[in-house]
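With chain A held as given, fit chains B and C onto it using these hints.
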Amino acid sequence: MGINFNSVLARSDYLLAGLQLTIFIAIGAILLSFVVGILIAICRISRIRALRIFATVYIDLFRNTPFLIQLYFIYFGLPDIGIPTEPISTGIIALGLSGAAGNAEIIRSGIETVNKGIVDATRSFALSTVQIYRFAILPIALRIAWRPLGNAFVNLVLTTSIVSTITVNDLTGNASNISAETFKPFEVFLIVLLIYCAVTFAVSAIVNVIYALFFARTTERPLIRGQA
Amino acid sequence: MKIYQNTELTLADVFLILRGLQWTMFVWSTSMAGGIVLGFVLALLRHARIPVVAQLVTVFVEIFRNSPLLVQLFLVFYGLPLVSPFSPGPAEAAIFTMTINTAAFTVVNMVAALDAVPRGQWQASNSFGLSYMQTMRYVVLPQAIRTAIPPTMNLAISQLQTSSLISIIGVADLTRVGIQLYVRTLKPFLVWPIIGLIYFVIAKILSILAARIERRIRAKVTWFEDAA
Amino acid sequence: MITLTDVTKHYGQLEVLKDISMRFNDGEVTAILGPSGAGKSTLIRCINCLETITSGDIVVDGQSVRDKKAIAEIQKQTSMVFQHFNLYPHLNALQNIMLAPRHVLKLSKAEAEARAVELMNMVGLNDKLKRYPAELSGGEQQRVGICRALAMRPRHLLLDEVTSAIDPEMTSEVLRVIEELASKGTTMILVTHEIDFARRIADRIAFMERGLLVTFEDADGFFNHQSDERIQRFIQKMKH
Chain A
1364 MGINFNSVLA RSDYLLAGLQ LTIFIAIGAI LLSFVVGILI AICRISRIRA
1414 LRIFATVYID LFRNTPFLIQ LYFIYFGLPD IGIPTEPIST GIIALGLSGA
1464 AGNAEIIRSG IETVNKGIVD ATRSFALSTV QIYRFAILPI ALRIAWRPLG
1514 NAFVNLVLTT SIVSTITVND LTGNASNISA ETFKPFEVFL IVLLIYCAVT
1564 FAVSAIVNVI YALFFARTTE RPLIRGQA
Chain B
16 MKIYQNTELT LADVFLILRG LQWTMFVWST SMAGGIVLGF VLALLRHARI
66 PVVAQLVTVF VEIFRNSPLL VQLFLVFYGL PLVSPFSPGP AEAAIFTMTI
116 NTAAFTVVNM VAALDAVPRG QWQASNSFGL SYMQTMRYVV LPQAIRTAIP
166 PTMNLAISQL QTSSLISIIG VADLTRVGIQ LYVRTLKPFL VWPIIGLIYF
216 VIAKILSILA ARIERRIRAK VTWFEDAA
Chain C
9 MITLTDVTKH YGQLEVLKDI SMRFNDGEVT AILGPSGAGK STLIRCINCL
59 ETITSGDIVV DGQSVRDKKA IAEIQKQTSM VFQHFNLYPH LNALQNIMLA
109 PRHVLKLSKA EAEARAVELM NMVGLNDKLK RYPAELSGGE QQRVGICRAL
159 AMRPRHLLLD EVTSAIDPEM TSEVLRVIEE LASKGTTMIL VTHEIDFARR
209 IADRIAFMER GLLVTFEDAD GFFNHQSDER IQRFIQKMKH
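Residue numbers (my numbering), protein chains in the order written: chain A, 1364 to 1591; chain B, 16 to 243; chain C, 9 to 248.
These are computed hints drawn from the structure, not numbers from a lab. Be careful, since some hints might not be right.
Said to hold, decoys possible - Sample of chain A residues lacking proximity to chain C, with all beta carbon distances greater than 12 Å (derived):
no. : residue
1   : S1370
2   : D1376
3   : I1386
4   : F1387
5   : L1414
6   : I1416
7   : E1449
8   : N1540
9   : L1556
Stated by the list, open to error - With a straight-line cut-off of 25 Å between C-alpha atoms, the simulated PhoX-like cross-links for lysine-lysine are:
no. : chain 1 : residue 1 : chain 2 : residue 2
10  : C       : K77       : C       : K114
11  : A       : K1479     : C       : K247
12  : C       : K77       : A       : K1479
13  : C       : K84       : C       : K117
14  : C       : K76       : C       : K26
15  : C       : K84       : C       : K114
16  : C       : K117      : C       : K138
17  : C       : K76       : A       : K1479
18  : C       : K114      : C       : K76
Keep in mind that this is a model prediction, so the values were computed, not measured. Where is the CB? At the ideal position from N, CA and C, for every residue including glycine.
For reference, chain A alone in the conformation it holds in the complex (with noise of 0.2 Å):
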């Protein structure tokens, strides 16, 4: 017994290599995640039936099933329909596609609350749909939204530790190769909760930093007397 971090430690370079992967995959998957969510999102709110009901299915599925199955229904169901997975990619795309059902419903109640007589306005001058999404609604939907979608992206980062299971060497699955060989099981996954924890700070740290950037001018603020 007795905890020692000597023989962890030396294999740091290791668990460095593995966080740099998860750090890979978190942000591949949230981009797709983010980006398929606000597709998912406008369907589910479309004016074509078939579109709202691939949303709805699609989110419900999602949505109601744990992530590992997801996981294992990919990788092991392409292959068997002749497309070879590679356990990387399918990662990224298993987690995109996870996060992206809750990022729609997410998404889609901001686009809910963005104020109907702003889209008339907008359509009224012409613009095309896609347009008035681009310009008008996503927007000022994704301030209101921006808040939760960041706790999202911090659970998407903890859902990559999943994708070890497919043995990618993320940082999970690097800490375990490096317990198997130290036999120090307890002081590795120590420091890489602590290392994960310092990962989710970080996410939620430039989460806020895009909302300053990007939304806080446009909530209410006092007015600033003599400056234009």
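Relative to the frame of chain A, chains B and C by itself:
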């Protein structure tokens, strides 16, 4: 030489699945119950602002909310036996870890619910000579618990999905049975939809239940407001 | 020129416009008056193609609102100012005005900005170009709203109760801008409750009630030689 492999699903597998479901429900329900109780106590400790204890609770909550459950499971299952006299089996480790994880999230819900009770009510109670404990018990908690129920129901639904991760440390839960069946039949498009569907149905039942409870709470609150 | 022929509009069972036929000539200012719920706003929203009509036809400069392909063209020619401003909260005053000219008329950024600055000067807001709507008063927001509509250089300006959501002490600054536009010969259709204002600037007055066009005549005849007792009572009541 042809290796005999039973690639069909049989009636016996139904019992296998039911057995797995039993484990999933057992670990999930015990850890939900334990986590809610533990989280409730920790939230009260934090709300009372007892020095050191309150800060420790905060640190505990942030670490467990901001790290992956998978790493927490590894830490307990592989790590604990080497640095402590406890060597939990898979199910024990799973229940222990998920209890703590649930507790961390419950603290957040509960603290938010406690803070939602207007300060004026504390002042009013003080003016009648009620002690902190009495105010908490007769005035604040009845309201706070009602506020905390909907987020706790949501937590229960998401923890059911997350519980699939316990299969990775060897608990024979629903997901583990899925892996066994997949390895034997090599039919991803048969096995994973069946397993996924079971999670889906339970989650759906839980959300219908949650919606009903939420409606009842709201009806009660409105009744109070109407009477006032 | 805008011509309405037997225009009817239903919301489900509710009939909000009943067989309306009228003509708005170029260079004229028409005020649409009437009690709330008369269908005045719906009428100009139909002209702007924000609402579809149930039957009849509206022809704007030779193009019918029933022709789906003409809608964009009609909307370019008819710009609307809204009761609740409906400015974009995420864009500053200049960006609010420039959005449609840039992306619908495909003006360059410099051209659109020049137009926007010129308009902001005209309405007396040259010191508030970069302010966000949340940082402007109601009267200022509505003046930006007017600039946003004018930046499209429309042939017809539609104003939907533009002063009813503004504090009384700020309505005059908005009315002054509209009066100036009227004196320059801008074609305007305005739905309003400001009866004195309508008397001052309108060439023609339409009076609507419960979806029907009760009268449509010259302002002089409407105010000075009114024979209908109910309308007279309405004018008296609205004066206060």
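Hint-by-hint comparison with the structure:
| no. | hint | result |
| --- | --- | --- |
| 1 | S1370 | holds, 54 Å |
| 2 | D1376 | holds, 45 Å |
| 3 | I1386 | holds, 30 Å |
| 4 | F1387 | holds, 32 Å |
| 5 | L1414 | holds, 21 Å |
| 6 | I1416 | holds, 25 Å |
| 7 | E1449 | holds, 40 Å |
| 8 | N1540 | holds, 47 Å |
| 9 | L1556 | holds, 39 Å |
| 10 | K77/C with K114/C | holds, 19 Å |
| 11 | K1479/A with K247/C | violated, 32 Å |
| 12 | K77/C with K1479/A | holds, 24 Å |
| 13 | K84/C with K117/C | holds, 19 Å |
| 14 | K76/C with K26/C | holds, 23 Å |
| 15 | K84/C with K114/C | holds, 12 Å |
| 16 | K117/C with K138/C | holds, 15 Å |
| 17 | K76/C with K1479/A | holds, 22 Å |
| 18 | K114/C with K76/C | holds, 21 Å |
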